[in-house]
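Trainee: Given next are the chains, with one letter for each unit.
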Amino acid sequence: MSNLVTVTNLSTHYPLGQRFFGEAPVLKAVDQVSLDIPKGSFVGLVGESGSGKTTLGRAILRAAPISSGTVRYNDGEVDYDVGALDKAQLKDYRTRAQLIFQDPYAALSPRMTVRDIIAEPLEVMKLTKSREETDERVREIAAKCRLNLEHLRRFPHAFSGGQRQRISIARALVTGPKFVVADEAVAALDVSIQADILNLLKSLQNELDLTFLFISHDLSVVAHVCDHVAVMYHGVIMEQNETRALFANPQHAYTRSLLSAIPSLDPDDRHRAVVYDPTA
Amino acid sequence: MSLLSVKDLTIRFRTDEGLITAVENVSFDIAPGEVLGLVGESGSGKSVTAKALMQLNGGNTVYDPASKVVLNLPDTQPLDILSFKRERDMGVIRGGAISMIFQEPMASFAPAITIGKQMVEQLMLHTDMSKDRARKHSIDMLDRVGIKDPDKRIDQYAFELSGGMRQRAMIAMALSTSPKLLIADEPTTALDVTIQAQVIDLMKDLVAEFGMGILFITHDLGVIAQTADRVSVMYLGRIMETGPVRDVIRNPAHPYTKGLINALPKLDDLDAPLTPIPGDIPSPLERPPGCVFHTRNPDHVPGSRYEREVPPMSQVSPDHFAALFPEDVA
Amino acid sequence: MSDMTDQASQASIDQRRKEAYFTASQRQLIWARFKKQRAAMVAATILMALVLMGVFAPFLSPYDPTIKGRDKDYTNGAPQIPQFCDHNGCSMRPFIYGVKRERSIQTNFRWVTSIDTEDRRYVQWFVRGDDYRLFGIKGNIHLFGVDKGFIHLFGTDDTGKDIFSRTLHAIYTSLAVGTLGVLISFVLALIIGGVAGYYGGWIDGVIQMITDAFRTIPIIPLFMAIAAFIPDTWSSETRFFFISIIIGFINWPTLARRVRTHLLVERTQEYVLAAQLCGAGPGHIIRRHLLPSFTSYIIVDLVISFPYIVLSETALSFIGLGLKDPVNSLGVLLQNTTSADVLLNYQWYFIPVFFFIALVMAFVFVGDGLRDAADPYGGQKK
Amino acid sequence: MAVFTLLLVSLIVFTLMELVPGTCAERYLAFKNTQGSGISVEDIQAEERRLGLDRPFLVRWGTWVGNAFRGQFGDSCILRLNINSLLADKFWISLGICLTALFLAYLIAIPVGIIAASSENATLNNSLRFISYLGLAMPNFLLALMIMLVSTVVWGDSLTGLFSNEFRDAPWSWDKVMDFLGRAWLPVFVLGWSATAFALQTVRALMLDEQSKLYVTAARARGLYGRRLLWRYPARHALGPIVNSLGFDLNRIFNELPIVALILTLTEAGALLLGALAQSNDQQLAGAIIFLLTATIVAVNFFTDILLALVDPRVRRSVLGANA
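Chains as they are written, first to last, in numbering that gives the first Met the number 0: chain A, 0 to 279; chain B, 0 to 329; chain C, 0 to 381; chain D, 0 to 323.
Just so you know, these hints were derived from the structure itself, not from any lab.
Honestly, I wouldn't trust all of these hints.
Derived Cβ-Cβ restraints for the label pairs, each shown as a range [unchecked claim]: (1) B:299 to A:67: 56 to 62 Å; (2) C:267 to A:24: 54 to 60 Å; (3) C:267 to B:148: 53 to 59 Å; (4) C:178 to B:110: 50 to 56 Å; (5) D:129 to B:297: 33 to 39 Å.
DSSO-like mimics (lysine-lysine), calculated; alpha carbons at most 30 Å apart, straight line [to be verified]: (6) B:116 to A:201; (7) B:135 to B:116; (8) B:67 to D:212; (9) B:257 to A:143.
Glycine included, every Cβ here is placed at the ideal spot set by N, Cα and C.
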């Protein structure tokens with residue numbers, strides 16, 4: 000199986016403020032990371048806050064700067080070096096790779112109707128020829144994301160978290176992308192809704208032949224939906240493996256610590272968490 | 000005798016859209032040394048309930064006259080908390096007999112006052128310690144929750160500590176006056192998993208050491224399974240099910256509890272399908288009549304009495320109750 | 000059975016009400032919240048009335064406010080209140096008394112005005128009078144007048160100009176200067192604040208420094224310095240524009256900071272990134288996302304800054320550096336009240352003062368109400 | 000930083016002064032003309048050379064600013080008097096009046112604003128709101144006017160000026176000070192009136208903002224209540240932004256000063272400025288006054304920044320760097 004996205008030695012460094020004296024310190028948000036995302040796979044990227052997982056996901060989409068290293072995207076039709084796209088290529092890449100956000104409240108423009116939000120990518124990129132065609136596409140994808148078509152006239156403030164996330168997904172998928180980065184797509188949702196969105200993502204993957212990079216801090220969620228998992232800590236990938244293998248036999252001490260930290264649902268299994276010490 | 004007894008607590012808020020019911024007929028008891036978990040999703044009214052125990056809800060809150068919150072302290076008359084109208088009366092209880100820790104430790108420390116000053120202030124308010132003793136005691140408490148260099152940290156500000164450290168300091172402050180009841184309002188939600196695990200371990204140790212009653216509020220059933228003795232499950236301001244934590248998690252009686260457990264991804268069985276609870280949580284403006292959950296219950300029979308009547312708390316097993324009509328309790 | 004249909008119709012009404020809420024745009028929601036504030040609504044009504052009075056001043060006022068419309072026989076005349084009844088009986092049509100002006104040995108050869116209660120002058124509607132232009136249309140019909148002589152609801156000034164007419168026209172001028180000033184400062188603020196907020200970084204730093212420097216200068220003394228050099232030969236229109244520009248300059252730094260802050264906040268919102276990932280260019284993002292996201296706040300800011308602009312104009316005119324007779328603004332009218340003589344003898348000079356205060360207060364209250372209504376957290380405040 | 004702002008401001012002021020048509024020389028000689036002495040174009044040029052007006056713009060600005068920073072403002076254009084001696088007392092007196100007004104405004108606004116924000120009494124809140132709006136809407140020159148007129152009627156003394164006639168030119172003495180104080184309250188009151196209204200708004204808004212924060216709830220949950228809670232928590236944290244607004248409030252008072260001065264015929268800086276401008280077109284003098292006013296505001300801002308760093312550890316940290 001060929002790789003849809005190949006990340007090689009990718010680094011993203013941010014300057015940390017300005018200093019009058021000496022060299023400005025940098026934040027190594029992502030440091031020499033390599034990651035393969037096979038076509039049709041559901042790759043999980045796990046890490047705690049500040050681990051650089053969001054930056055990595057955005058760098059792949061060219062929404063965060065690439066300091067060094069390369070990101071390659073090859074879906075059979077096109078073969079892009081993402082760091083070196085020209086304007087036309089970048090525009091094309093935007094139709095092929097999309098992002099789903101964590102916060103369903105901040106990701107939707109409050110002054111646009113749901114129809115306008117979903118239609119925006121089509122209109123901006125002029126992918127449709129007429130308003131009728133746009134509406135047709137919007138209705139199609141909205142139905143796939145199980146949105147009530149009568150609700151397209153409404154504004155985002157009328158929706159609950161789960162519904163908003165479905166709108167967000169519909170917007171990301173309306174251009175027919177091949178690759179989707181889902182950044183903590185269920186973290187802000189209630190448990191009863193979370194499963195619904197996860198199932199939706201899974202079924203959309205099958206139906207639309209998508210490849211996912213699923214970013215999350217929650218190992219148990221990742222374990223359920225992903226077939227590959229990479230564990231990130233302080234800008235570095237500590238361990239990556241096929242999901243079952245990784246959970247059955249974690250190699251890195253940090254992965255073990257993460258696993259032990261998940262509170263078990265069994266009241267009789269009250270073990271203490273393993274504390275990870277990076278210096279050990 | 001129970002330490003805290005909440006009976007028929009009903010809380011409404013006055014808003015632009017009218018009177019909104021946040022909590023309805025909630026009753027529970029906490030015994031000394033017992034950890035009661037209160038689980039619920041967003042909008043279930045769990046935080047509002049917690050704040051009601053200390054009358055911390057805002058000025059637009061309306062407590063139903065039938066609501067009773069009674070605190071039984073050793074050697075004193077039972078205190079009817081909701082009957083206190085003056086801040087001064089509440090002041091004795093808040094931070095003294097009952098302490099509270101919040102979800103966001105950053106936001107709950109005053110940003111421009113050192114942690115130490117805030118701790119000493121609380122101690123001097125509730126005990127007759129001298130300033131020096133209060134400071135020594137605070138350093139001791141910080142040490143006990145696992146903060147290194149407590150004598151240095153005590154003179155720092157909240158923004159100078161890391162997230163986990165702040166939550167530890169918050170716990171140290173809450174426990175410094177040896178309260179009889181600790182209310183922990185989502186104390187681990189804002190933390191990373193590894194830090195969350197450490198804080199949970201710390202709280203388990205402290206329960207063993209101090210023996211106070213705890214009301215532990217969270218949306219995470221796993222956290223409850225790890226910490227609580229008994230659990231109450233809330234949905235849209237009502238208690239759906241309550242009982243010993245093992246009974247409720249292993250043999251849930253209420254469809255909502257069952258749904259919650261089925262929706263949760265479990266690490267030990269990766270092939271188990273995730274079953275969501277259908278539909279969305281209704282907005283507080285559209286509280287369903289009858290059983291508030293019937294609109295999302297997958298097994299709901301249209302036209303049944305759950306659409307009109309509020310089901311009573313029926314006994315499932317000793318100590319285990321669910322908001323179902325008796326004929327539906329298996 | 001009818002019970003059932005009642006319930007059904009009630010449910011459908013509920014449903015429609017909810018649907019209206021869900022499909023309500025931000026503007027409709029703000030309006031709905033604004034309507035609930037009684038003080039702001041009262042202020043808005045007063046404001047609307049004042050604005051209409053200003054706009055239709057030429058029609059509503061019986062006379063030309065300049066020296067053209069003066070009443071030579073009634074200088075420093077007291078207000079004439081129309082009445083229906085007097086000792087001679089009542090009439091359906093309101094009337095005022097005529098006045099006589101005479102000078103004789105009895106009055107020490109000074110002009111003395113006396114009221115002749117036998118001389119009734121009836122109020123007429125839609126009378127022909129001085130020519131005026133309203134929206135470019137010539138007219139000479141005025142809302143009311145009297146059958147003979149003049150009527151002065153608010154009295155006259157020392158040259159016999161009708162204070163009522165002057166007040167209405169002054170409201171118009173003050174509003175016009177204010178609007179022009181707000182527009183000028185708004186354009187400046189949008190450009191300067193917009194550049195700073197959208198680009199951020201060092202550009203923002205430099206612009207902020209300059210804005211802050213501008214904010215430090217006490218602007219009124221500075222512009223007094225400039226206004227003092229306005230040649231007396233300037234026409235009243237030129238003067239009017241110059242004052243508007245000055246006032247626009249007074250106000251821009253505050254607005255520019257607001258624009259910048261809004262932009263800085265909104266720029267980092269996820270929905271902006273979402274639009275960028277759709278391949279939207281800066282133009283599209285500014286037009287479709289950023290501008291709509293804060294127009295309501297900017298409008299609120301504009302309304303709030305309005306009273307200060309009116310105040311500035313008044314202050315400048317008041318010290319004689321702004322607009323001058325024959326142009327009529329509230330500031331010019333207030334200037335007339337400066338002498339003790341006025342307080343002692345001609346109290347009606349103060350009537351425009353109340354209009355001025357009402358105008359400014361109405362603006363302040365409306366602005367405040369709008370601010371509360373547009374506050375996204377307002378509804379959640381406990 | 001403060002010096003930089005001042006430089007920038009001086010450039011703006013100087014440029015605007017330059018933009019005004021006519022140079023100092025032209026104007027002085029034109030003034031002389033009216034006094035009967037005949038002046039020719041050559042005279043003007045000679046005068047311009049003498050005053051250094053033929054030098055490039057930036058050089059003149061540099062000289063002006065250099066002198067200004069040393070407190071030397073040169074001679075007045077028309078009056079031909081040293082500006083320093085012309086201003087001296089007058090500037091200090093007006094500064095004193097403004098600062099007193101500012102001080103009094105906050106002395107009233109802080110407690111009242113805090114009480115207004117923490118009280119849930121709707122009548123009290125609404126009436127305070129109304130009063131402070133009235134303060135905003137009623138320009139203080141109107142207020143000054145009213146008081147003056149009333150006092151003229153009631154006491155037969157218009158209360159104008161800062162000194163009674165017999166003291167106007169007298170050297171400073173105890174009696175003169177008392178006389179001064181007896182009259183200075185009026186401008187202070189008038190200037191303080193709208194300043195208080197503004198400050199009240201600021202304080203109330205800031206307090207409402209702070210009170211809704213979680214740390215206040217947390218402090219209540221620890222048993223604090225009433226005044227102790229109010230002063231130690233929200234009030235203390237709202238102090239920073241209040242201190243921050245001092246400079247701009249002073250600016251506002253300066254803005255109103257000349258107008259009030261005009262009505263009350265005070266002969267201090269504001270009215271002097273007005274006179275300098277309106278009658279004699281004296282840009283040297285006007286520039287000096289505006290420079291001094293701005294320098295005062297910059298200085299106040301500088302001190303409030305220091306004060307802020309003392310009050311708020313977060314600011315201290317960002318000023319001194321992360322290691323402090």
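Trainee: Could you check the structure against the hints above and give me the numbers of any it violates, in ascending order?
Mentor: 2, 3, 4, 5 and 6
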